[in-house]
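Let's have the full structure, built from the sequences with the hints guiding it.
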Amino acid sequence: MIRLVLRGREPRWLAPLLVGCAVVITYVLTAPLIRWAGANPMAAYRRYVITPLTTPVSIGEVLLTSTPLLFTGLAVAIAFRAGFYNIGAEGQFLVGAVAATWVGTTFDGVPAAAAIPFALVAGALAGALWILIPALLRVGFRIDEVVTTLLLNPVALLLVQGLLNGPWRNPVSQFPESAHIGPGFNFPTVIPGTRVHLGFAIAIVLAALAWLVLARTATGLRMRAVGLSSTGARFNGVGVERTMLSSALVSGAIAGMGGVSQVCGLQRQLTGEISAGFGYTGIVVATLGALTPVGVVLVAMLLGDIVVGADSASLVLQVPPQMGQVVTATLLLVTVGILVLRRYRPVVNRRRRTAETRAEVIPLEEVRQ
Amino acid sequence: MTSQEPLAVGVPLVELRAIRKSFGDLVANNGVDLTLRPGEVHALLGENGAGKTTLMRILYGLTRPDRGQILIDGVPTTITSPKDAIRCGIGMVTQHFSLVKPMTVTENVMLSGARLGPLSLSVARAKVFAAADRLGVTIDADARVGRLSVGEQQRVEILKALYHDCRVLILDEPTAVLVPQDVEALFATVRRITTQGLGVLFISHKLREVALVSDRVSVLRRGRIIDTIDAAGVEPRYLAELMVGRPTVGVRRADTVRPDGTDLAVAKVDDVPDPGTATAGAAPVLDVEDLTVAGRGRNAVDGVTLQVHPGEIVGIAGVSGNGQRQLVDVLCGIEKPTGGRIRVGGRDVTGAGPHEVIAAGLGRIHEDRHGALLTDLSVEQNLVFEHLNEFRRGPFLNRHRIRAYAEDVIARFDIKAQPGDTVGSLSGGNVQKVLLARVLVREPKVVVVAQPTRGLDVGAAEYVHQQLLDRRAMGAGVLLVSEDLEELLALCDRLVVLFEGRVTGELATADAAPERLGLLMTGAAA
Amino acid sequence: MIDIADLLTAMFVSATVLVYASAGEVVTERAGVLNLGIEGTMYVGAFVGFTVADHTGSPWVGLGVAVAAGLVAAALMCLLTVTLGVNQHVSGIGTTLLLIAVCDYSNRLLYGGGQLVQVKTFPVLFKDTPVASQYLLTYIGFLVLVPFLAWLLTRTGFGLRIRAVGENPEAADVAGISVARTRYAALLIGGALMAVAGAFLTLAMVGTFTLNITAGRGWVAIALVIFGRWRIWGAVAGALLFAGVDALQLQLAITETFAHVPREIMIAMPYLVVIAALAASGRNVAYPGAYLKPYRRI
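Protein chains in written order, with our numbering: chain A, 1 to 369; chain B, 1001 to 1526; chain C, 2001 to 2298.
Read the hints as simulated data drawn from the structure, not as lab findings. Where is the CB? At the ideal position from N, CA and C, for every residue including glycine. Wrong hints could be hidden among the right ones.
As the list claims (entries may be wrong) - Pulled from the structure, derived: some chain A residues nowhere near chain C, Cβ distances all over 12 Å:
#1 Ile34
#2 Leu53
#3 Phe118
#4 Val155
#5 Ala208
#6 Ala215
#7 Gly220
#8 Val240
#9 Arg242
#10 Leu245
#11 Gln267
Said to hold, decoys possible - Subject to a maximum C-alpha distance of 25 Å in a straight line, what follows is the list of computed DSS-like cross-link-like pairs (lysine-lysine):
#12 Lys1336(B) - Lys1445(B)
#13 Lys1083(B) - Lys2293(C)
#14 Lys1127(B) - Lys1101(B)
#15 Lys2120(C) - Lys1101(B)
#16 Lys1101(B) - Lys1083(B)
#17 Lys1127(B) - Lys1083(B)
Stated by the list, open to error - Ranges between beta-carbon positions, derived for each pair:
#18 Gly1117(B) - Leu2143(C): 21 to 29 Å
#19 Leu2008(C) - Thr189(A): 54 to 62 Å
#20 Asp1025(B) - Pro32(A): 50 to 58 Å
Written as structure tokens, this is what we have:
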């Protein structure tokens, strides 16, 4: 039997070593599934991780794919950091997309200079509104936000489907897809030769702002305090409820802007597939990124890499593209599991019939009082 | 061969040999030997942090020793869990009760060792009553434990042990939460069960109790047994010296005796300056008028009126749970009163939050160090947290100024830490220093301080006391809330006694004999 | 006109899924663990039950293997939350994501992700009687499982342990109860029941497996546990409420007044009702004392 015992001090080489182990373990655990599809795991992993980085175009695709994850990852990280478990980023993303589509199709003549900010604001408001009820219920009635944010995800999807099957259905093709947004709303490309659009840049700017606020301002310090210890924060005069509420609203707004980015930057219309589970993957991004803006950016790009790789691998190696999500989720679970070993070390419990009888003289060590 | 002899007289019920246990860098038990004889009350005496609780947790299977042996009835035994301990006949009443509040007394008592299958509640109830008889107490077997008084809850704890036919009972600081009358009842119970042949291991840091109830005393200091002696006729002073390691002088927190042999009851210490001059006539820095705080059922704080003048230390005495915590919480601005007024330096801060209270000149040293500080943030962040706006440069925080300020405070208050260290990584004494420094460096008019030396070693406690005395000397007022009567008697000029949220008495420390205080603390007429 | 008999019939069928799932979650949460892997576990139960039933031709064998899969899923949560003490929100959502991804992946490999294969479903008992024509699993669920679990929690030593571990694990530990083992048991029981709930979807209600077949019902079950104040009967009441509203909206959708209302709003109604019910149930609900807190004995 192995037990976990609190460590004295954490060696500096431990965390990187554990992350490395996590990667290896993830590979080992997912390899059988890849083999089941008839492919070589090593080849598959090379396709997932390395291949997308080999050409400028595919690097562009990686950045493009990571864009929605940057938004949702950042949104979730900000909320989690304040102690608000926002599991509803998926729904907030979707309503942001709905808002963008609505303004984009209703005001389709507006020029870009006004249209883009308009769309972003609309999406941010929509996302914030979508999280408002769970946030108020948590702050006012102490009702667990996990349940309320979760339940609103299927509702948001139903909203999208309802609009696409109803008033927004394309009159020409009769497909459940909306009309295209006006040209002023289309996000321009920011890296020529790729599909990387303004949304990516906006996400990076938001991440930088988040870092700045959290690390260098009084407000950020107070937010961090609330997430770390609400008792301590309250004692020190921080309005815990207010901070949690504002963090939640910011989180919802950012997730909503992610939806705007996906519509205006990539799809240019609303469809039922506007979100490939970005809200849930955002939780993975935030957690693996240790809830820091820098971590979120890095992990989002890593996951974007894997998704692009998995898509191409599915064509070349016949490994279904869901493998990308399998790898991502496995990596998350293995990593959070193994990082427990940072603070605790395993001790083997040998069941002894007779205990030791030595009575050594042990020099008195400094006793911490 | 001769016929089976009863267990040879002299074979101890329990023997611990060379027990060693460390937690990371901290060595809690450093080669400890201990024996417990049948029918004996054996006290384990030592200050907070000496290793007493760890040792008993090892005996009860809550922790495994790194090295050493446990013998039950002379037989080496491996105890890996409380289940093993219970099977060996060991029962334990922890300092903080191990009771499941929503469940009934019967459910709690039968929890240990209950079979997985259907419960026979009637049988269990009968056993509970039988065990209560053995103890000589009455108990309502169907009451929800959460509704019982502290003394009754402790009885349930002891019942649990007897229910499982224990032969060894470990009591960990059992009187910490009891009123003097309940303490008497407990000692009577202890004596009653030892006459039935049980052995009792009694952990305490209170000399008087140990002298009263035990047969033998083992003194623990810094993880080692210093000596084991018969309690009969021992001089308290000798025990105190063993506990602390040097002749006890000056301001002390634990039970100690002055070298001139003066009675513990007279607790005025020589080197504390006479406060008579400071207080008379000056307007109070803290004025609490008819303060009420609602609680569960009755008011937690019920019409409390008191004043603290500049240059005096006023103590709040009382057994914990009589409204002290709520009083402090309201004064600190983290809870709202339901009635009454609070004035700090003449300014009305009734119902105000932390910022206004601090701005009015009140310093807050709360008993919950980990709740008052942000343990995951750094020392410097904690030091400036209450006044972040003073360290801003535009929208950002001025990191250089914060660092310089922190270094200055660290030096002035002799905190053994770097500004960037996480508060959670500091030792208990240094955490308390940070808490103190943060408040005292701003030179508040009045300081509200609760349980400041809980869990600290003697050196750290001395430091804290000296800081408070310095504050008083500089003209501030101090409101000291403490469960430690000796601390209050040593430091305070006046004492206010709280019982069930009301002030039952107010007296100068010189007139405060423990018997009188005990009566006030239990609500008997002053 | 609303057909009450039809409504009740549909209500019980639909509620069966939620009853099994939320009963399983009640047991788990009473022990102090939040299992957000419930959605994924139900999904696994649905998929594995379907696949095995397809290959063997027997829904019962499918159910059996589905339960085994649910136990495996629960074992994963055991390792993460009890043994390692990982944050329960993260481990739960991660488990759900993983299980759904693995199922969808396998679905693609086994069925090419497109065709809907029908499987032999469970028989319906009392087929021609109104309201009483339900699946055996429904009868078992309401008449056997629920009373049994309620009795288990309140009147057995096993239930006593679960409650103690969920309220005050230190006290349970001192009493000699293995907190870890009790939580393992609670999680495994929960996982098995969640898998049954999922299998009921494919092997009874729908007859085949489609992507997103669970449609967030796992999350609804979590809400029902809170709504039911962590009591088995309370969760059942909540399940009936949700299923009742769900069945009602199906009927209303074809009436004249509601025919114009988009289907999606009707489908969303039950979810919104649950949120409203949670909000109305008042502030400061008493969570189990040790909810979400991992327990480590040093």
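The hints, checked one at a time:
Not every CB of chain C lies more than 12 Å from the CB of Ile34(A), the least distance being 10 Å, so the non-interface label is violated. Non-interface status of Leu53(A) relative to chain C is upheld: no Cβ of that chain comes within 12 Å, the nearest being about 23 Å off. The Cβ of Phe118(A) sits about 27 Å from the closest Cβ of chain C, beyond the 12 Å cut-off, so the non-interface label holds. The Cβ of Val155(A) does not lie farther than 12 Å from every Cβ of chain C; its closest approach is about 5 Å, which violates its non-interface assignment.
Residue-level check passed: Ala208(A) sits 25 Å from the nearest beta carbon of chain C, beyond 12 Å. For Ala215(A), the condition that its CB be more than 12 Å from all CB atoms of chain C holds, with the nearest at approximately 23 Å. Remark: the non-interface label on Gly220(A) is consistent with the geometry, its nearest Cβ contact in chain C lying 22 Å away (cut-off 12 Å). With a least CB separation of 16 Å from chain C, Val240(A) remains clear of the 12 Å interface cut-off, as annotated.
Non-interface call for Arg242(A) relative to chain C: holds, since the shortest CB-CB distance, roughly 18 Å, exceeds 12 Å. At roughly 16 Å from the closest C-beta of chain C, the C-beta of Leu245(A) stays outside 12 Å, upholding its exclusion from the interface. Distance check for Gln267(A) against chain C: the nearest CB is about 20 Å away, which clears 12 Å, and the non-interface claim stands. A hinted pair counts as satisfied when its Cα atoms are at most 25 Å apart, and Lys1336(B) with Lys1445(B) qualifies at roughly 22 Å.
Of the pairs offered as hints, the one joining Lys1083(B) and Lys2293(C) holds, with about 23 Å between alpha carbons and a cut-off of 25 Å not exceeded. For the suggested pair Lys1127(B) and Lys1101(B), the alpha carbons sit about 21 Å apart, so the restraint of at most 25 Å is met. For the given pair, Lys2120(C) sits about 50 Å from Lys1101(B) by alpha-carbon distance, which is inconsistent with the 25 Å threshold. Distance restraint check for Lys1101(B) and Lys1083(B): the Cα-Cα separation of roughly 21 Å lies within the 25 Å cut-off, and the hinted pair is therefore satisfied.
Among the hinted pairs, Lys1127(B) with Lys1083(B) is consistent with the structure: their alpha-carbon atoms are about 20 Å apart, no more than 25 Å. Under the hint 21 to 29 Å, the C-beta atoms of Gly1117(B) and Leu2143(C), about 22 Å apart, fit the expected range. For the pair Leu2008(C) and Thr189(A), the beta carbons lie near 58 Å from each other, so the given range of 54 to 62 Å is met. Taking the beta carbon of each, Asp1025(B) and Pro32(A) are about 43 Å apart, not inside 50 to 58 Å as hinted.
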